[in-house]
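Chain by chain, the residues:
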Amino acid sequence: MRLTCPYCGPRDHQEFTYRGDASATRPGLDNTSIDDHNAYIYDRANPDGLHRELWNHTSGCRTHVIVERNTVTHEVVSCQPVGPYAEQLK
Amino acid sequence: MSAFRLNLRDGVGTNLTDKTIRFSFDGKSFYGQQGDSLASALLANGVSIVGRSFKYHRPRGVFTAGSEEPNALVTLHNGGRREPNIRATEVELYEGLIARSQNRWPSVNFDLMAVNQLAGKAFSAGFYYKTFMGPARKGHRATQFWWFCEQFIRRAAGLGKGTTIPDPDHYARMNAFCDILIVGTGAAGLSAAQRAAKSGARIIVCEESARAGGALNGSPDFIDGEPARDWCADAVAELAEMENVTLLTRTTVQSYFDDNTFLAVERVTDHLAHKDKSIPRQRAWNIRAKSAVIATGALERPIVFAGNDRPGVMLADAARSYAVEYGTAPGRAVAVFTNNDTGWLAARDMAKAGVIVTAIVDVRTDVEDSIRALGDECRASVHTGWAISSAKGLRGVRAIVIAKYNELTGELGDESKTIACDCVAVSGGWSPAFHLTSQQGGKPVWDAELQAFLPGEPLQSWHGAGAMAGRFGLVQAFQSGEEAALKALADIGQAPSKRSAKVGPGPSIEGDEIDYAPAPVFEINSGGKSFVDLQHDVTAEDVRLAHREGFVSVEHLKRYTTLGMATDQGKTSNITGLAIMAAASNKAIADTGTTRFRPPYTPVAMGVIAGEKYGHLAAERLTAMHDIHLEMGANMYANGPWLRPESYNLPGETVEQAYIRETKTVRAGVGIVDVSTLGKIDVQGPDAAEFLNRVYSNGFAKLPVGKARYGLMLREDGFLFDDGTTWRLEEHRYLMTTTTAGAGRVMEHLEYYRDFVWPDMKVALASVSDEWAGIAVAGPKSRHLLKACVKDCDVSDKGLPFMGVVDGVVDGIAVKIARLSFSGELAYEVYCGAHYGAALWQALMKAGRKYDVVPYGLEALSTLRIEKGHVAGPELNGRTTPHDLGLSGMVSSKKEFVGSVLLRRETFSKGDRLQLVAVKSLDGQRIRGGSHLVAGSKEEPGRSQGHTTSTCFSPSPELGCYISLALLEGGFKRHGEKLYAANPVRDAHVAVEVLSHYMVDPDGGRMRG
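If you read the sequences in order, they're chains A and B.
The numbers in numbering that gives the first Met the number 0 rise by one with no breaks, and the one at position 26 of the first sequence is 25.
The numbers in numbering that gives the first Met the number 0 rise by one with no breaks, and the one at position 809 of the second sequence is 808.
In short, the hints are calculated from the structure, not lab data.
A few of these clues could be false.
[Unchecked claim] Computed footprint of chain A on chain B; a stretch qualifies when at least three of its residues, placed anywhere within it, have a C-beta under 8 angstroms from a C-beta of chain A: (1) 534–544; (2) 898–906.
[Said to hold, decoys possible] Here are the computed distance ranges between Cβ atoms for each label pair: (3) A:77 <-> B:893: 50 to 56 angstroms; (4) B:165 <-> A:32: 51 to 57 angstroms; (5) A:60 <-> B:796: 43 to 49 angstroms; (6) A:77 <-> B:510: 41 to 47 angstroms; (7) A:32 <-> B:171: 49 to 55 angstroms; (8) A:77 <-> B:555: 55 to 61 angstroms; (9) B:502 <-> A:38: 45 to 51 angstroms; (10) A:13 <-> B:108: 45 to 51 angstroms; (11) B:1003 <-> A:28: 28 to 34 angstroms; (12) A:83 <-> B:598: 38 to 44 angstroms; (13) B:636 <-> A:73: 58 to 64 angstroms; (14) B:612 <-> A:37: 32 to 38 angstroms; (15) A:67 <-> B:640: 30 to 36 angstroms; (16) B:887 <-> A:83: 45 to 51 angstroms.
The C-beta atom is built at its ideal place from N, Cα and C for all residues, glycine as well.
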């Protein structure tokens, strides 16, 4: 599999580290509900089709990328940067 | 069977040169010729039995001439290079090659294990499941009978044995990029390569064998008026010259992954007698191709009949190849058995090379006159509408019995004849080798006309050519190769202009015109033992038995019978097995379906996959002080990728004596230790303080400039993640240290929060682990040592209090000094730019000379922190919380942080969790790490109540015995209890007493002093 890093261009997936399901978002610091945190940590969909994934280009520029990927065909639909510099990269 | 070397002349032995080569097989010396494969050389020497079968230990001979070989598996070489299960058909002969047969005892010609044949019925499909599965026992669903039989079965089963000696060779990994990858260099691959190369595209061409050309090498046809072989040699030479072409021979494209990524394995030195150590043995090529042309040809399949595994039975095209290319008659009298025209061609070519072809048996009655004429050409007796009912002979074929064959019913008539022969060349048609495209997901489609599966629709940019795509014969191969190249060029946006994009007529071909489609005959069922999968000893009857027992899906069939699951992955048996299954279930082959191929295409050496990543090939990380450690006599110890001093042994000292001496010196005087391997992260920005406050469980918001703080990091689930000190260097700048092992994952953890969770925070992170060298100076005299060498700063208790950080200069080197203690003594960590690490070490050693400073290693470092009750990796094991380790005081109740919410889960406050304690040995015995803490004696230990984590011998006056940190159920309330540290694997059962883990200086007076 190859991913397109917004800084570095198309690179082999071995340069990236998978950081989990990008649709799981952390509850805010003021949210102290154990259930909400449980859901953030443990509840995951197992979609048959499009899946949003967070990857870190650890052996490259170390930018995080949200990869939209089809779990059936393995097609990578998009690679979007996230983080403080994401807007400048788009 | 009695194969022999033919008289070599023009067109016979085209692969061979005059050079004689000596090699050994099963300890006996033989001679072959340069250009021989091990299989052809063995045949030329009349060696017919080269191995024993997997289950029944039946004698087996060479069956093919390529990588699809199921039978002729041998073990090569001795010592660290010993390699089992290598296909003799693929091994290029060289001077001094050592090979051995496998799976036999005492010898391949006389194998006692062959008694298994007598128990044939017992070993039928599903034998293991039926005999050995039962109610659970010892945690497995295995019967008592299994536990009795296991050791015997394990000894008898399996193929060759590997070695435990390290591999002396090294392997390389290549990253390659190209416009078009061409797999295979037969007529189709060559034609595609020529067309693609002409356009200027960057191409890589891979050929599995030593010589490019595929079937052209043994073809009797003429191309553009030249013998095919000569035409091919010129074409290959021309391609290899081109700048935009990389031609790799001895390179098998093993795997086809997503995004047109391929793994190819190049065998660089395997065929050489002299192994040049500077050259890798094999190279793994990761090839990223924009498009690909797959021209991997087709594999001949056999027709299954009784006794078809006898040495002497081989595929017709292999027999032809041995005669023509290797100048070796596969037998003194060869009978050909076929259901298609290619068998006849093989017979004619063999006869032309000087092989006696006694008979041609074809199941078809309707055979073209032009094909029949080939039979006359080789003066063989021709039997059309007949089939082999069995092959006779025990240790090799002696005769075949043939009978009239009814094409409609598949039944044999009563009339039979016996034909004496010692080799049966059998052809059951051709199966396109679409393994690569199947790997990437294309579903194969059955073609009833060709009686073959063809590759399905591409999911990525690849194009099939030649026999692989069902385009058989040279004319079709050349044409389809060019077509595939043009399609690939179009895919990558380099389509040639309309005029030049026309597929040319190709070179002119003079040769036989035949029909490649076989009659739909896969098996002659005459009742005897007839093998489908030769390597796994799966018979046609096993397939039918599986069907009768309800295993009707091909996936179940495969797993129940193990058909196609051996090292050859059923290259010559899959289709036949499917056909027999389809017939048994009265279904069409198309409806039965086929299993998906998985990478790799052929077995691959582990070394080439591991490359330089693991074991003795792995890269090592060295600190700036590495050479000095070696000069001072350190034993180096692998700590992850780092090499670190374990201890500095004086002459005659053991490691244990050395670390005890080092520990005592630190407690009484002063010692220094290299701590450069700790992870270091530079954290900057106006929000840095708040960011640290969120990722650490203890408060960081109010840490003043010039101070350091010990911090705990949790995962979101509340478990401990890492620990370390963070130094506030400036208002908006911190230096964070992490554990050595945690450096990488802590950095990723922080980046996740910075980029994804709180992207609005103004904070920047940079790994500076390699920028700094660090040395800890520990012991009551450490301040004296620093005073003796540090300039430009005050290191007195007032100038540099506990947890203070100052800048200074040592011997002209700018340093940062933090007063931190891992050992529990008065101690400092001195950091400098990594390039000055060695100089700083020497300066500190020099300054410490009058205080009798010693360098200390990991063992002493560990002993000091265990005595002090400081936690490290073995305690931060991913299953402990701060509360479990007595660090509740480090959990802030004034803020929320990563892990704070789930740390409040009810289960974490239960008193029976594993809690940190220490244990000391009561009987003078050593306590081993990972020992279980039990209440009972060695005979009746009772259940495990916890385990030891970090162990050492404590030389401190208050202890003077073996001690260990441990995690014990409800341990905080069990100080003073007597237990045993049990390690049944090492036969140890040590009486211990539970203590508080604060063993030395519990109130911390020494480090604050």
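Could one say that the CB atoms of residue 32 (chain A) and residue 171 (chain B) fall in the range 49 to 55 angstroms?
Because 54 angstroms falls inside the window, the suggested range holds.
Taking the beta carbons of residue 502 (chain B) and residue 38 (chain A), is their distance inside 45 to 51 angstroms?
60 angstroms, violated
Under a C-beta cut-off of less than 8 angstroms, do 3 or more residues of the region 534–544 of chain B approach chain A closely enough to confirm the stated coverage?
Answer violated; 0 residues pass the 8 angstroms Cβ test.
Do the beta carbons of residue 1003 (chain B) and residue 28 (chain A) sit within 28 to 34 angstroms of each other?
Cβ of residue 1003 (chain B) to Cβ of residue 28 (chain A): about 33 angstroms, so the range 28 to 34 angstroms holds.
Should the hint that residue 77 (chain A) and residue 510 (chain B) are 41 to 47 angstroms apart at their CB atoms be regarded as holding?
53 angstroms, violated
Given a hinted range of 55 to 61 angstroms, is it respected by the beta-carbon distance of residue 77 (chain A) and residue 555 (chain B)?
Cβ of residue 77 (chain A) to Cβ of residue 555 (chain B): about 40 angstroms, so the range 55 to 61 angstroms is violated.
Taking the CB of residue 636 (chain B) and the CB of residue 73 (chain A), does the distance hold inside 58 to 64 angstroms?
With a Cβ separation near 42 angstroms, residue 636 (chain B) and residue 73 (chain A) fall outside 58 to 64 angstroms, so the hint is violated.
Check the following: the C-beta atoms of residue 13 (chain A) and residue 108 (chain B) are separated by a distance inside 45 to 51 angstroms.
At 49 angstroms between Cβs, range holds.
Using the Cβ atoms, figure out if residue 165 (chain B) sits within 51 to 57 angstroms of residue 32 (chain A).
Given range 51 to 57 angstroms: holds, Cβ gap about 55 angstroms.
Outcome for the supplied range 45 to 51 angstroms, where the beta carbon pair is residue 887 (chain B) and residue 83 (chain A)
About 35 angstroms separates the Cβ atoms of residue 887 (chain B) and residue 83 (chain A), which means 45 to 51 angstroms is violated.
Outcome for the supplied range 38 to 44 angstroms, where the beta carbon pair is residue 83 (chain A) and residue 598 (chain B)
40 angstroms, holds
Given a hint of 50 to 56 angstroms, does the C-beta separation of residue 77 (chain A) and residue 893 (chain B) actually sit inside it?
42 angstroms, violated
In summary, the numbered hints that this structure violates are 1, 3, 6, 8, 9, 13, 16.
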